[in-house]
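Participant: One-letter residues, chain by chain:
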Amino acid sequence: MLGMYLFLASEVLLFGGLFAGALTYRILYPEAVVAASARLHVWIGAANTALLLTSSLLVALAVQAADRGLRRPAAALLSGAAGLGFGFLVLKAVEYTKEIHQGLLPGFGGRFDFSSPVEQLFMNLYLVGTGLHAAHMTVGIAILAGLAWRIGRRSLPLPERAVTVAVCGLYWHLVDIVWVFLYPVLYLAR
Amino acid sequence: MSMKADAARLIAVWAALMGLLALTVAGSFFSLGAGNAVLGIGIAVAKAALILWFFMHLRRETPLVRIAAVGTVVWISTMLILISADLLTR
Amino acid sequence: MSGVIDLWPGRASVHAAQVDTLLSGFTALIIALSVPVFALIVVFAVRYRRGKPADRTHPMNRNVWLEVSWAVVPFLLIIGFFVWSLMLFVDLHRPPADAVQIDVVAKRWMWKFQHPGGQREIDELHVPVGTAVKLVMTSQDVIHSLFIPALRVKQDVLPGRYTTLWFTADRAGRYALACAEFCGTDHSTMRGTFVALSKADFARWLAESDTDMTLAAAGAEIFRSRGCSGCHGPAATVHAPPLEGLYGKPVPLQGGEVATADDQYIRDSILLPQSQIAAGYPPIMPTFRNILDEEQVAKLLAYIKSLATESPKEPR
Amino acid sequence: MTVSRSAPDDRSIEMGAGISEKTVAETAEERISYLRAGHTLRSWFFTTDHKRIALLYLVSVTFFFFIGGAAAALMRADLLTPEGDLLSNEGYNRAFTLHGVIMVWFFLIPSIPNVFGNFLLPLMIGARDLAFPRLNLISWYVYMVGGLFTVFILITGGVDTGWTFYTPLSSMFANGNVVLAATAIFVVGFSSIMTGLNFIVTVHTLRAPGMTWGRLPLFVWSHYATSIILVLATPVLTISLVLIAAERLFGIGIFDPALGGDPLLYQHLFWFYSHPAVYIMVLPALGVTSELVAAAARKPVFGYWFVAASSIAIALVGFLVWGHHMFVSGQSMYASAVFSFLSLVVAVPSGIKVYNWTATLYKGHISLDPPFLFAMGFIGLFVVGGLTGLILAMLAVDVHVHDTYFVVAHFHYIMVGGTVSAFFGALHYWWPKITGRRYSIVWGSLSAVFIFLGFNLTFFPQFLLGYLGMPRRYHVYDPGFQVLHVLSSAGATILGVAYLLPFAYLFYSLRNGEPAGPNPWGATGLEWTVASPPPKHNFETIPVVTRPPYDYEIEQESDAG
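Listed in order, the protein sequences are those of chains F, W, S and C.
Just so you know, we're using our numbering here: the first sequence kicks off at 1 and counts up by one.
Just so you know, we're using our numbering here: the second sequence kicks off at 191 and counts up by one.
Just so you know, we're using our numbering here: the third sequence kicks off at 281 and counts up by one.
Just so you know, we're using our numbering here: the fourth sequence kicks off at 597 and counts up by one.
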């Protein structure tokens, strides 16, 4: 448990570097950052936040079920959470596609439509931040799905190995927390 | 404590999180100047605290783990505060 | 300049002498703090050598007061020096208002200097003694750092930003000038000469150096040829902020904040126009970041500064 | 520490997450030393024994030490003449970048923690292994993958950014293999995080019964403090490198000044890691010195709690001082003032340690065997390095000496004079424990003295060079500086030979050294209660600790008479 928390601490500081970047540009160029943020898809971001919060709930419930040795509910809840996580990635992909068509996503395609250089900077930060988060999501989904599968075929006996579920759950919650901060910092800068 | 009561509490926390999400989105449509940033980050902190405390079971962990969690928050805030101290006084 | 090894580099300003005094004083302090440690280690190692009879009764294993005193006393002494050095440092950041401004543009791997009269030089900087000189510096590519050892000053030169450095040289002579921040392949050849001249010599040097027009006049030329005057000029049809009397004044921005129209603000407005938009004007200014280089921006700045005393004329 | 044997308790099995369970019948096998338990390559490369992993690290860091040293030798040879006749501009830039990258990430950071920390931490706290033995092995593999990338960079022509990778030079202008180098450091960062995490959990969960926090050897305290930094600082470096690589590969970085990017943002992130990283390098060395001084004097370390707490204080305050690398960078004047003040604060705990070591020697029974000579050398060089660090923290002076040879001399005094001396001290102190053999005391003492002298001759002239205005990373310089440069290169020759010396007599001792016995120095500490070399699972039965650390009084009574 302590080991996992320490690992999470290092993850937090990993994203901390990105938040430091966001903070820097918010302070240096408040207006341009607000303008750039306003062009993002607030509602997709909100929907994604809701998806993640709900999946976190499912994971918390799954941990509880695992503690009590309830095999089937635990597996079902974990699969559900992984499914919601997958939904998040799908929405994210839709969002990226829209942004590519708008000429907002750097690194893809040749046509860009940035209203200012600072907006390009902001979108770079947005891409690295959300991309890194999506990479963490992918790992998390794989872990949750793997857990659900192993619980389902009894290779992970419950409640004896409930700690494993709890530790993986911690990781998922952390990915959720990171998004909880990314969302206002990137989408809601006003 | 019974399974149901535990589950009910988690669901209540989830409802609170969704409420906060609605609040933060709604808040972004009002122009409050610096208030927007404070509101956005404040709500994010509240959400993170709820997740940590209930979903991540920090309330049942040993003091050591709590220190680790609080320490992390202190660390990252230190970094952000000292960097902004430079930016704001340049 | 004597002997095989000079222990002090040449001094060309009062500030240099002050830094040397600070260093000497502080060195004395650290010697006072460390030599007893070295001496005691040697003495103990000899006196209490294993197998050698010595009085070893009542060895101490802890003593809180001793601990606290050797933590606190050196710290307080050091804090005294901290205050001293802080005062010198603050001085370095407060150029006098009447300082002569010289623009510096660093570029891999050369230093370019522009005097207000329009004189330009590369890798050589001539300044008059007894006059406060302020260098306003920026870089065309990577981070450089202007280092003049004889003045004991150094300041990084950043791309996209102005940094300043000021000094009053008080001894004529030729001194070294170097880039101190690693800037790529030929970093160690990015050196030059800092020449402090008496006022008369400096005036002669200024007169001899070729100069067709002052910096501000060159800026006015760019202002016309690059089309700035089309919007910001008196006959403009576009609604753009007037630049007369702008320099040094507060500018209300669209977001409600207020910026000061200093060098950095004007530079950013030319190269990153959308980042800070003056209140009441549409955000229509195109960026000039691929059109103007830093030297031209410096000239434009000199021109806009020269308009500081004129009263704003609202375009019709 | 006197140790009473307790009955085998199941607590140890329950706690040691990765220890394979042993039946009583296998105890005879357990007594076999860890070196003889298996001779196949497989038994080394897939071992989870912390002691074998420590030896894997010892071989690897030594290898990188010599690559980095070769780069340094090239530079010193090139600097003999002001025109730099040996190397091209580009070649020199690549040499010092390589030297910095290898020495910092592939030698100094892993040196003491991964070799001696790995070997000794479980022995010192009475455990059979680290908390996560497999993670420990993975961490070595990750380190080697990073190392392979570095070697690959060597073959493909190098990097020319300096080890600091300042943007926009690194992200947009440099010619070398910046992305590969960033990948190498990125990868080795994970190894650091794993090790740090492993140490923290081990100290918390695997201490033997009776091994309270107040009884931990100071070596363990300093490694605990180091681990905190490893876990919390390394990820910030990781993200900075990711951002540089993203900018170089895809043009999506956030530092581009043409877009309004702030070049100082990278420096803030980089030094948020790299200043604490300096403490990663030096804290373990401080821990080693505490052990050596106590063993040399046969006395408890003076003011145990002050020394232990100062390690933690250095780790914490060390995170607040990074801005002192940026006094002339264009950072705000007010921020510089705050960072300068905090940098002076962090000197206090270091000062406490030095004064306490000196007081420890008072009325001791001081032995001048090689490890203790190294320890004395360490104290001397560390004090010079630390106090010149205070000069650098003085704002007005730093404006002059920043980015000159003064800085180079200062950090070499800390890292080479300090950490490398402590590394050799530790090697000479625990060599009999690791190998079971004694080495030649005469040769050991000679190499300690030569390293000390050679070091001072190499680096003291650089303080003078720096104040005279010789900027660092210069390959062509003003002819006026030549005398000092030649002195420095002469010293480097002595230093180089002195570093090679131990390899000769230590290798010789492997075959021909006398058996050391469990406790050749008459020292306290659980590691000296087991055989040399230690048995595979360290302790037959988990010891119960009943006495404070450095409890030399019992032996002293007979000795002093």
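Just so you know, the hints here were simulated from the structure itself, not pulled from any lab data.
Note that the structure is predicted; figures quoted are calculated from it, not measured.
A couple of the hints might just be wrong.
Reference listing, derived: stretches of chain F covered by chain W, where coverage requires no fewer than 3 residues with Cβ under 8 Å from a Cβ of chain W [what the hints assert, rightly or not]:
| id | region |
| --- | --- |
| 1 | 49-56 |
| 2 | 124-132 |
| 3 | 175-184 |
Over the 10 Å line for every Cβ pair with chain C, so calculated as not near, a few chain W residues [claimed, not checked]:
| id | residue |
| --- | --- |
| 4 | A206 |
| 5 | E251 |
| 6 | A259 |
| 7 | L272 |
| 8 | A275 |
| 9 | L278 |
Glycine included, C-beta positions come from ideal geometry on N, C-alpha and C.
Participant: Each hint: holds or not?
Facilitator: Each hint tested on the structure:
no.: 1; hint: 49-56; verdict: holds (count 5)
no.: 2; hint: 124-132; verdict: violated (count 0)
no.: 3; hint: 175-184; verdict: holds (count 6)
no.: 4; hint: A206; verdict: holds, 30 Å
no.: 5; hint: E251; verdict: holds, 13 Å
no.: 6; hint: A259; verdict: holds, 13 Å
no.: 7; hint: L272; verdict: violated, 7 Å
no.: 8; hint: A275; verdict: violated, 5 Å
no.: 9; hint: L278; verdict: violated, 8 Å
This entry does not satisfy hints 2, 7, 8, 9, going by the numbered hints stated previously.
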